[in-house]
Amino acid sequence: MTTLSIILVLALLLVVFGLLFRLQILTAIFSGSSNRQVGVSNRINAILFLAFLVIGGGLFAWSFVDNYDKMNPPIASIHGLATEKMFWTTMVILGIAFVLTQVLLFWYSYKYQHNDKRRAFFFPHNNKIEVIWTVIPAIVMAALVFAGWKEWSRIMGPAPKDAVVLELMGKQFNWLLRYPGRDQKLGVVNYRLIDASNEFGFDLSDKNGLDDFTAGEVHVPKGHPVLLRIRSRDVLHAVYMPNFRVQMYAVPGMPTKFWFTPTKTTDEMRAQTGNPNFNYELACNQVCGRGHFAMKMSIIVDEPDDYVNWYAQQKSFSEQNPDVLASFKQKSDKLVEKATVAPAAAAVVIPTAAKASL
Amino acid sequence: MAANFPTQEEQVQGGIGATEPGHDHAHHDEHHEQSFLQKYVFSTDHKVIAKQFLITGIFWALIGGTLSSLFRLQLGWPESTLEWLTPFLGKWIEAGKLNPEFYLALVTMHGTIMVFFVLTAGLSGTFSNFLIPLQIGARDMASGFMNMLSYWFFFASSIVMFSSLFIETGPAAAGWTIYPPLSALPQAIAGSGAGQTLWLVSMALFIISQLLGGVNYITTVINLRTQGMSMSKLPLTIWAFFLTAILGLLAFPVLFSATLLLIFDRSFGTSFFLSDIYIAGQALPNTGGSPILFQHLFWFLGHPEVYIVIMPAMGMVSEILATNARKPIFGYRAMIGSLIGISLLSFIVWAHHMFVTGMNPFLGSVFMFLTLIIAVPSAVKVFNWIATLWRGNIRFTTAMLFSIGFVSLFIAGGLTGIILGNAALDIQLHNTYFVVAHFHLVMGSSAFFGLWAGVYHWFPKMFGRMMDEKLGYIHFWLTFIGVYMVFLPMHYVGIAGFPRRYYAWTGFDTFSQFADLNKFISIAAIIAFFGQFIFIFNFFYSIFRGRRATENPWNSTTLEWTTPIVPGHGNWPGDIPAVHRWPYDYSKPGAEEDFIPQNVPYSQTQSSNLPYEKEME
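Taken in sequence, the protein lines are chains A and B.
Take the first sequence: its letter number 268 is residue 267 in numbering that gives the first Met the number 0, and every next letter is one higher.
Take the second sequence: its letter number 433 is residue 432 in numbering that gives the first Met the number 0, and every next letter is one higher.
In case anyone wonders, no lab produced these hints; they're calculated from the structure.
Worth double-checking, as some hints may not be accurate.
[Said to hold, decoys possible] Below, in silico cross-link-like pairs of lysine to any residue (SDA-like), each with a Cα-Cα straight-line distance of 20 Å or less:
{"#": "1", "chain 1": "A", "residue 1": "69", "chain 2": "B", "residue 2": "74"}
{"#": "2", "chain 1": "A", "residue 1": "69", "chain 2": "B", "residue 2": "518"}
{"#": "3", "chain 1": "B", "residue 1": "232", "chain 2": "B", "residue 2": "332"}
{"#": "4", "chain 1": "A", "residue 1": "127", "chain 2": "B", "residue 2": "390"}
{"#": "5", "chain 1": "A", "residue 1": "116", "chain 2": "B", "residue 2": "390"}
{"#": "6", "chain 1": "A", "residue 1": "333", "chain 2": "A", "residue 2": "204"}
{"#": "7", "chain 1": "B", "residue 1": "518", "chain 2": "A", "residue 2": "66"}
{"#": "8", "chain 1": "A", "residue 1": "149", "chain 2": "B", "residue 2": "359"}
{"#": "9", "chain 1": "B", "residue 1": "469", "chain 2": "A", "residue 2": "12"}
{"#": "10", "chain 1": "A", "residue 1": "295", "chain 2": "B", "residue 2": "499"}
{"#": "11", "chain 1": "B", "residue 1": "232", "chain 2": "A", "residue 2": "122"}
{"#": "12", "chain 1": "B", "residue 1": "50", "chain 2": "B", "residue 2": "532"}
{"#": "13", "chain 1": "A", "residue 1": "256", "chain 2": "B", "residue 2": "274"}
{"#": "14", "chain 1": "B", "residue 1": "96", "chain 2": "A", "residue 2": "289"}
{"#": "15", "chain 1": "A", "residue 1": "149", "chain 2": "B", "residue 2": "369"}
{"#": "16", "chain 1": "A", "residue 1": "206", "chain 2": "A", "residue 2": "318"}
{"#": "17", "chain 1": "B", "residue 1": "96", "chain 2": "A", "residue 2": "290"}
{"#": "18", "chain 1": "A", "residue 1": "69", "chain 2": "B", "residue 2": "505"}
{"#": "19", "chain 1": "A", "residue 1": "110", "chain 2": "B", "residue 2": "390"}
{"#": "20", "chain 1": "A", "residue 1": "256", "chain 2": "B", "residue 2": "364"}
{"#": "21", "chain 1": "B", "residue 1": "232", "chain 2": "B", "residue 2": "612"}
{"#": "22", "chain 1": "A", "residue 1": "116", "chain 2": "B", "residue 2": "389"}
{"#": "23", "chain 1": "A", "residue 1": "116", "chain 2": "B", "residue 2": "592"}
{"#": "24", "chain 1": "B", "residue 1": "50", "chain 2": "B", "residue 2": "540"}
{"#": "25", "chain 1": "A", "residue 1": "110", "chain 2": "B", "residue 2": "389"}
{"#": "26", "chain 1": "B", "residue 1": "38", "chain 2": "B", "residue 2": "572"}
{"#": "27", "chain 1": "B", "residue 1": "50", "chain 2": "B", "residue 2": "547"}
{"#": "28", "chain 1": "A", "residue 1": "149", "chain 2": "B", "residue 2": "368"}
{"#": "29", "chain 1": "A", "residue 1": "314", "chain 2": "A", "residue 2": "183"}
{"#": "30", "chain 1": "B", "residue 1": "90", "chain 2": "A", "residue 2": "290"}
{"#": "31", "chain 1": "B", "residue 1": "469", "chain 2": "A", "residue 2": "45"}
{"#": "32", "chain 1": "A", "residue 1": "184", "chain 2": "A", "residue 2": "253"}
{"#": "33", "chain 1": "B", "residue 1": "469", "chain 2": "A", "residue 2": "43"}
{"#": "34", "chain 1": "B", "residue 1": "613", "chain 2": "A", "residue 2": "123"}
{"#": "35", "chain 1": "A", "residue 1": "295", "chain 2": "B", "residue 2": "74"}
{"#": "36", "chain 1": "B", "residue 1": "469", "chain 2": "A", "residue 2": "13"}
{"#": "37", "chain 1": "B", "residue 1": "469", "chain 2": "A", "residue 2": "30"}
{"#": "38", "chain 1": "B", "residue 1": "469", "chain 2": "A", "residue 2": "18"}
{"#": "39", "chain 1": "A", "residue 1": "84", "chain 2": "A", "residue 2": "73"}
{"#": "40", "chain 1": "A", "residue 1": "160", "chain 2": "A", "residue 2": "181"}
Produce the complete structure using the sequences and hints provided.
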C-alpha cells in the first residue's frame, strides 16, 4: 500500500513538473524572451555565481574549521610530524591559489556578464603575463619538489642498524606477525611450507628461525627506530598505520620494508586523546577481497623497558609447535642423507634465504 | 559506403589540406536513398557515429551512476538494512546486508564504466567524431568504415561488459585497476572468475575500438583539413582531440599487453604477475612473476588515460568560454603549448600511483619531480581561461555555465594533485578518500562538465533543435552544488586517513568519526544523481520537441556553424569553405559584428584588420 502511494505521489509530481515545464516554454514564447539572445536569466546566473562564491565559500570555510580536529588523527612518529607540517604548509600554499583563482573566476563571471552597451575587450595574448604565470608556478613547484624529495629520501633511506625488526605478513583476511627472537635474525620462511599449523611457512631447518616468535598484536618500543619487514602470502595488501604515517604494500614474491620511530606510548596517547580505549591500529589499504575492510591488528607502543620485558616473555614458534619442529628434524635428517648423494639439493635453499634477509 | 561518397576520394587525392574550393560538387546530391539500417545503424557518417557514441555513453553513465548510488547507500548507512533492494539485487543482498564482495564489484564496475565507457568512449568518441570533420572542413573521417568499426567494437565491448553484471559469480571485483594477484585468482574473490574474464575480453575489444577511432582522428586532422586550415588556425578543440588520439594510440596498446599477459596468467598457467602464493589451502606453482610489473604496465596507460579523459573537455571548454565571453581565448599558442606539454609529460608520470608499492624510492623521487612539473602547464591553462573571462561580455548559456563549472572543479581537484604527487605526503594519503576526492573532481566531475558543456553547445548542430535553457540551468546548479557537496567533505574524510574500497569503517576506532559526514555525502550524491534525469529528459525531449535551431545559434566563428542547420552526408551541400583566419576573432575592434567566422577573408574585413593582417587582404 505504501509502495503504491509512493509511486502515485511520484507520478503526480512528474505530471506537475511536466505541466510547469510546458507552461514555462509557453510563457517564454509569449513574452518573446525565447527569441532574445540574452535575457533576464543571464543576470540571474551571474548573481548565482557570485552567491555561490560567497555562500559556498563561507560554508566550505565553516565546515572545514568545524571538522578540522576530526580530520587530524594524532601523530606518533618522527617522520609523521615532519610530513604533517609539510602537508599543511602545502595546503596553505594551495589554499591561497585556490581562493585567488576561484574568486577571480566567479567575480569575473559576475562582473563581465553580458551588457548590450559594452563590447568585450579584444585581448588575444600578452607574452609578458604568460611568462610570469608560467614561471611563478614553476618556482613554487620546484620548492615543493625539493622539500618533498628531501623528506622522502630521509624516510625511505636505510633504517638505522640498531632498529627493532619485525615482520608483517598479509593474508586474506588478517595480519601475521613475527619477531626475530633473541638472535635478532629472522629465519627463512617459504610459502610452500605453509599449512594450518605453520601459517607463516617457517622453514625450521634454518637455525635463525628457531627462536622466532609470532604475536597477535604489534609491540614496539617508544623512541626507538622500528623496521617493518613486509610480505604477503596471497594477494596484494598494504600495511597502513595512519597514526604513524606509515604505508607500504605487501607484495607476494617481493618483500618490502618501511622504518619509523614511534614517539608516544599507547598510554601517553590515551592520556592525550582523553580516550582510555585508544589503540593504534594497523589497517589493510590495498583491496584484497571480501574481508579487506576488517583486516585489523592492534599496535602497542611500550616504554622501552616494558618492551624488553614483553619480548623476553614470548615463547618461540618452534617451542610452541613441537610437531612442526619435529617434521623439520625428520626432513633435515633425510636431507643430510640425500646431500651426501646429491649436493645440489642443499643449494636450492640458498636463494630463498637470500630473499628473506633482503 | 565509401563508393557513393565521391568527395572523399578527391580530398585524399588532393593531398594534405588541399581541398580546392570551386571544385564541382554538383553530383553530390545524387546519393542513393539510404536504408534505415545504413543511415542510423551501420552508418559511416561521422555525425551519426558520434550520436551513437553519445547515446551509448549516456546509457553507461546511468548504469555507472546507479552503481555509485548503491554503494553510497552502504557507506552512508552501514548499519541499516537494504532488504528493499532484494528485487533488484537478488542474492547479493544477504540477510538485509549488501554482500561485501558485491560491494567491491560495484566499486570496480563504477570505475571501469565511468573511466572507459563514459569519459573515454562517450566523451572523445562523441566529440572527436562529431567535431573533427566539421571543424577542420572535411566531408567525413579519413575512413568512414573504420570509424563505423570503431563504434561497433565499442558496442560489442559494451555488451560483454554489461553481460558481466548479471553472471552468477558477479562482475569483476578487484578494483578498476584490476591489480593481480587478486584479479588473477578466482580463489581470492568470486568476481575474479568469469566476471574478470569478461572484463578482460571487453577491455580488449574496447582497446581495438579506441585504436580504430584514434588512427582515424589523427589521419583526418593531418590530411583532411580544408584549404587555409593550417595547424595554427585549428580550433583548440581539434588540437585537444588530436593530442588525445595520439595519447590513446600510444598508451592503449600497453594496456592491451597487460590484459593479454593477465589472461595468460589466469588461463594458461604463466607467471608474469604471480609469485610465491599460498591461497585456499594450496601453494600455487607460480614463481618469478611480479605484481608490480602489472602496475607499471597498467599505469603506463592509466595515467595518460586521465589526460585522454580531460583533454577533450579542456578543448571544448576553451572553445565555449571564448564563444560565450565573446572574446578570443587568451594565449592561443600557450594553450596549444600547454596541451602538448601535458601530453608529453603524461607519459612519464605514471609511477606516482605507485610510490608505496615497494618500488625503488629513487624511482619515486624521479616521478615526484616529473609529476609536479605537469602542474605548470595545467596552471597556465587555468590562468588563461580566467583571463579569457576578464573584460568579456559573457552570455550564460547552459554550455557556458558548465564550462565555468569545469574550470572551478578543475582548479579544486587539480590543486590537491600537487599534494598527492609529493611522494612524502603520499605515504599517508595513498589509497585514502583524499585520492578519491581528488580524481573525482579533477577528472571525473570536470570531464563530465566538459561533456555536458559540449552536449548543450553542439546539440543544435547535432539535432537541429535547441535544448531547453531553463532546464539546463536547473541541471547545472543542482549538479554543480551537488558535486561540491559530495567531494569537498570527502577530502576531510581522506585527510583523516579513511581507506578507499572499504565496505564499512566500523571495525576501526581510527575511522570512527565522520559517520555523519559520510551520510551527508551519500545524500548529496544520490540527489545529484537524480538531478541527471532532468538532463536526460531535456536531451531526449529536445531531440523531438525542442525549439528549432538556427544555423549559428551562438554566433560562433568555427566552420561547423557554416553548415546547414542539420548537415547532411558530406556536411556542406556545396563547396567546403576555405579558411582565412584563426578561430577566435571575437569582438575585434572595428568589426561590424562581434564575431568573424573563420571562412571570412581579410579582404571583407578591412575595417578590423590588424596591421600584420593587412598584407593578407
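Each hint tested on the structure:
Simply put, residue 69 of chain A and residue 74 of chain B have alpha-carbon atoms about 18 Å apart, close enough for the 20 Å limit, and the pair holds. Proposed proximity of residue 69 of chain A and residue 518 of chain B is supported: the alpha carbons are some 16 Å apart, at most 20 Å. A threshold of 20 Å between alpha carbons decides the hint, and for residue 232 of chain B with residue 332 of chain B the separation of about 10 Å falls inside it, so the pair holds. A hinted pair counts as satisfied when its Cα atoms are at most 20 Å apart, and residue 127 of chain A with residue 390 of chain B qualifies at roughly 18 Å.
This hinted pair checks out: residue 116 of chain A and residue 390 of chain B have alpha carbons roughly 13 Å apart, not beyond 20 Å. Of the supplied pair hints, the one linking residue 333 of chain A and residue 204 of chain A holds, its CA atoms being roughly 12 Å apart against a limit of 20 Å. The suggested pairing of residue 518 of chain B with residue 66 of chain A holds, with an alpha-carbon distance near 15 Å, which does not exceed 20 Å. Proximity of residue 149 of chain A to residue 359 of chain B is assessed by CA-CA distance (about 16 Å); at most 20 Å being required, the pair is judged to hold.
Between residue 469 of chain B and residue 12 of chain A, the direct Cα distance comes to roughly 18 Å. Compliance with the 20 Å bound is thereby established for this hinted pair. The suggested pairing of residue 295 of chain A with residue 499 of chain B holds, with an alpha-carbon distance near 15 Å, which does not exceed 20 Å. Only pairs whose Cα atoms come within 20 Å are accepted, and residue 232 of chain B paired with residue 122 of chain A is accepted, the gap being roughly 17 Å. Simply put, residue 50 of chain B and residue 532 of chain B have alpha-carbon atoms about 19 Å apart, close enough for the 20 Å limit, and the pair holds.
Proximity of residue 256 of chain A to residue 274 of chain B is assessed by CA-CA distance (about 18 Å); at most 20 Å being required, the pair is judged to hold. Taking the CA atoms of residue 96 of chain B and residue 289 of chain A, the gap is about 13 Å. The hint holds against a cut of 20 Å. Proposed proximity of residue 149 of chain A and residue 369 of chain B is supported: the alpha carbons are some 15 Å apart, at most 20 Å. Of the pairs offered as hints, the one joining residue 206 of chain A and residue 318 of chain A holds, with about 13 Å between alpha carbons and a cut-off of 20 Å not exceeded.
Taken as a hint, the residue 96 of chain B and residue 290 of chain A pair is honoured in the structure, with Cα atoms around 14 Å apart against an allowance of 20 Å. Restraint check: the Cα-Cα separation between residue 69 of chain A and residue 505 of chain B comes to about 16 Å, which is no more than 20 Å; the hinted pair holds. Under the criterion of a C-alpha separation no larger than 20 Å, the hint pairing residue 110 of chain A with residue 390 of chain B is consistent with the structure, at around 8 Å. Annotation: proposed proximity of residue 256 of chain A to residue 364 of chain B holds, straight-line Cα distance about 17 Å (limit 20 Å).
For a cut-off of 20 Å, the pair hint linking residue 232 of chain B to residue 612 of chain B stands: about 14 Å separates their Cα positions. Restraint check for residue 116 of chain A and residue 389 of chain B: satisfied, since their Cα atoms lie roughly 17 Å apart, inside the 20 Å limit. Proposed proximity of residue 116 of chain A and residue 592 of chain B is supported: the alpha carbons are some 13 Å apart, at most 20 Å. Among the hinted pairs, residue 50 of chain B with residue 540 of chain B is consistent with the structure: their alpha-carbon atoms are about 15 Å apart, no more than 20 Å.
With a C-alpha separation of about 9 Å, the suggested pairing of residue 110 of chain A with residue 389 of chain B holds against the 20 Å cut-off. A distance of roughly 18 Å separates the Cα atoms of residue 38 of chain B and residue 572 of chain B; the hinted pair therefore holds under the 20 Å criterion. Among the hinted pairs, residue 50 of chain B with residue 547 of chain B is consistent with the structure: their alpha-carbon atoms are about 19 Å apart, no more than 20 Å. Restraint check for residue 149 of chain A and residue 368 of chain B: the C-alpha separation of about 12 Å stays at or below 20 Å, so the hint holds.
The hinted pair formed by residue 314 of chain A and residue 183 of chain A meets the criterion: a straight-line CA distance of about 14 Å does not exceed 20 Å. For a cut-off of 20 Å, the pair hint linking residue 90 of chain B to residue 290 of chain A stands: about 18 Å separates their Cα positions. For the proposed pair residue 469 of chain B and residue 45 of chain A, the alpha carbon gap of about 14 Å is at most 20 Å, so the pair holds. Proximity of residue 184 of chain A to residue 253 of chain A is assessed by CA-CA distance (about 19 Å); at most 20 Å being required, the pair is judged to hold.
Only pairs whose Cα atoms come within 20 Å are accepted, and residue 469 of chain B paired with residue 43 of chain A is accepted, the gap being roughly 11 Å. Restraint check for residue 613 of chain B and residue 123 of chain A: satisfied, since their Cα atoms lie roughly 18 Å apart, inside the 20 Å limit. A hinted pair counts as satisfied when its Cα atoms are at most 20 Å apart, and residue 295 of chain A with residue 74 of chain B qualifies at roughly 19 Å. The suggested pairing of residue 469 of chain B with residue 13 of chain A holds, with an alpha-carbon distance near 17 Å, which does not exceed 20 Å.
Between residue 469 of chain B and residue 30 of chain A the CA atoms are separated by roughly 15 Å; this keeps the pair inside 20 Å, and the hint holds. Only pairs whose Cα atoms come within 20 Å are accepted, and residue 469 of chain B paired with residue 18 of chain A is accepted, the gap being roughly 14 Å. Note on residue 84 of chain A and residue 73 of chain A: the hinted pairing holds, with a Cα-Cα distance of about 13 Å set against a maximum of 20 Å. Our distance criterion of 20 Å between C-alpha atoms is met by residue 160 of chain A and residue 181 of chain A, whose separation comes to about 16 Å.
When the structure is compared with the earlier hints, no violation turns up for any of them.
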